[in-house]
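S.K.: These protein sequence lines map, in sequence, to chains A and B. Oh and the first sequence: position 134 is 133 in numbering that gives the first Met the number 0, straight run, nothing missing. Oh and the second sequence: position 84 is 83 in numbering that gives the first Met the number 0, straight run, nothing missing.
Wrong hints could be hidden among the right ones.
One copy or two, either will do: identical chains are not told apart, so a pair holds if it fits within one copy or between any two.
[As the list claims (entries may be wrong)] Below, a list of computed lysine-lysine pairs in the DSS-like style, where the Cα atoms sit at most 30 angstroms apart:
1) LYS360 - LYS342
2) LYS107 - LYS308
3) LYS176 - LYS107
4) LYS176 - LYS92
FYI, nobody ran anything at the bench for these hints, they're computed from the structure.
Number of protein chains: 2
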Amino acid sequence: MEPGPPGCSGPAEPGPRLRRLCGADQEASAALLSRAGAEAELQRCVPAVAAVLPAGGSGERMGVPTPKQFCPILDRPLISYTLQALERVCWIKDIVVAVTRENMEAMKAIIQRYQHQRISLVEAGVTRHRSIFSGLKALAQDQPDSQLSKPEVVIIHDAVRPFVEEDVLLKVVTAAKEHGAAGAIRPLVSTVICPSADGCLDQSLDRARHRASEMPQAFLFDVIYEAYQQCSDYDLEFGTECLHLALKYCHIKAKLVEGSPDLWKVTYKRDLYAAESIIKERISQQICMVMDTKEDEEHIGHRLEEMLKNELSVHFLDCKSVPFGQKMENLTQIREFAKEVKKRNILLCGLLIYYPQDEQKLQDSLRQGATIIATLIKERNSGLVGQLLVA
Amino acid sequence: MEPGPPGCSGPAEPGPRLRRLCGADQEASAALLSRAGAEAELQRCVPAVAAVLPAGGSGERMGVPTPKQFCPILDRPLISYTLQALERVCWIKDIVVAVTRENMEAMKAIIQRYQHQRISLVEAGVTRHRSIFSGLKALAQDQPDSQLSKPEVVIIHDAVRPFVEEDVLLKVVTAAKEHGAAGAIRPLVSTVICPSADGCLDQSLDRARHRASEMPQAFLFDVIYEAYQQCSDYDLEFGTECLHLALKYCHIKAKLVEGSPDLWKVTYKRDLYAAESIIKERISQQICMVMDTKEDEEHIGHRLEEMLKNELSVHFLDCKSVPFGQKMENLTQIREFAKEVKKRNILLCGLLIYYPQDEQKLQDSLRQGATIIATLIKERNSGLVGQLLVA
């Protein structure tokens, strides 16, 4: 038996990539510079943009006591992923989150723990429309105590749609600047029908002619603020659709933008499962193998890389450059070290690779090693940290 | 170190529970008898029922080359779970599956491998409606070469809705017998809008007044067969909604039945993730601990049970009654045995529990053991079989 490289998966928080481009203290690689150039270009064409996130819902459809926006996914609340997705877009100047009074402290703790920035909190209303209106009021210039400035365009997004990408945000913002309002749409998954009062089928709608209205949506701030100021209590209580308010009260026909399947809303418990799998898939694309790159075993590492490269991107690190090494052959020390680094969200396991002379057996052993590595990385379950696995 | 019980999760196929009630060769417990009584009662009121499953789709929305109904979930094709759900309902006499010619052999292999019964295969048409029509034709009595008999009521279901329960099937069948047609509905998750020709918002529908039409649906066979025989080529090419055909061609207003959230259709890749998590959750409720129930370690097992009982149901088995035992202390033998039982879909790992005198340390050790067991059971990942884990 020869000691193999420890299988260790990366931290759960890859960090806000786009925000790094806004900072001045980053090492400037060619790729970053080119991206930063595009970013500067974007800054010139994009108007002043803020975002409002209604997050006052109770999540009754989820069937769990925690409101869905606060449900943990890999130990981190769902809303934190959504905030991260918005923060990465550096041309969104302010993000106003509407939360209920009872969740205000919890939300502040989330912002502190995950170091969210550019966030302002307002108290949510009892309905979605009332929460959005609270957020808009905070952005309007006529609020004397506000730290915020009125944006030209405001994005309205849901706290429970964590996978929103910069390109769709840019599309709705650009379309809103031109048309006054814009929203993402998706094809219908099911036919929509209109039941009669006695619960029978009256009419089924032509699926091809209808679309599901999703988020994000964007509006010229003056348009949507005017619509909310004019709309009735009935609208505020029972309405769900901001585009409808812009149409009804400001006669603005929103531009509809085809969104990607990623825009779906976490609604049911199964959606939490799906979100967890997607997040795992996104954060576990890379592994780093710690090994003595000068020694005989080097080619073993490269054979493992060969087996894993369809699933994962493999990096090598010389074992002399890391603070452990020979010590890690001892099971107790692996466990102690694993306990230590878990605090920094690094899940560490040991992997012993059996290293026989027989080529076929070596091949089997390496294949099993690759399977174990891929399993640990993909499942990312903290229950197995500190274990010494054998291939 | 003392050898602990091996952590071993149950087989992936819990087996068709309801079908067992239809057989005569089962041991009759009181609970089974009471259930069998209800079953007999059901047999009297339920009409002759068959089901048609269109499974000819290409799954283009999934973004993967395999049609979604054949995508593997825990190594088993999605459609096999759906067939299992229908087979469990013993009052469904025949299940007609429409598959494309190119997938016919694959489908036969699935039926054989998972021992599906009461299945007839027909060739799918190029659209969903044409596939359903093929299934109905096979059930109609006027087919001279058919082994099937015409049912009074036919259920139409989707191959990609694996979590259908008996109660909703019974509801749609009962309502179809009374009204001629019935279908499951769900509240809308998103507002539905009607875009104008230039891609702007024309009209948004009142979400509270509309519903999503889901599956299963059920029809008096003569009604739906008549509707399909009369309907136009345009309907067969572009239509999606069977309830609509019954309304348009037979003037039958379908009864709409509120379905559970489980009825959702596997449409996108994220739905496969969700389905996998739900299946894992359903199959991994029970563990069996193999231990010497006479010895000192007994109380260790019960303390583990205490820690696990909120998450899992724990059973004990005396180690003298199983074919391994002392042998399993040897790592190589665990791995060989694990390889052997994996063929029967049993995932076996060893778990060594450190057994110190110090009460606090013992508590820590047991807690870690419970975490490892819960992790292995819930993740159910075959990449870790044969490993000896240490708590």
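S.K.: Indicate, hint by hint, whether the structure satisfies it.
M.R.: Outcome of the hint check:
1. In this homomeric assembly, LYS360 and LYS342 come within 30 angstroms of each other (Cα to Cα) only across copies, at 20 angstroms, whereas the closest approach inside a single copy is 38 angstroms.
2. Taking the closest pair of Cα atoms, LYS107 and LYS308 never come within 30 angstroms of each other, the shortest separation being 41 angstroms inside a single copy and 34 angstroms across copies.
3. With identical chains, the CA atoms of LYS176 and LYS107 are never at most 30 angstroms apart, being 32 angstroms at best within one copy and 56 angstroms at best between copies.
4. Taking the closest pair of Cα atoms, LYS176 and LYS92 come within 30 angstroms of each other only inside a single copy of the chain (16 angstroms); across copies the shortest separation is 60 angstroms, beyond that limit.
Violation of the numbered hints given earlier is confined to hints 2 and 3; the remaining hints are satisfied by the structure.
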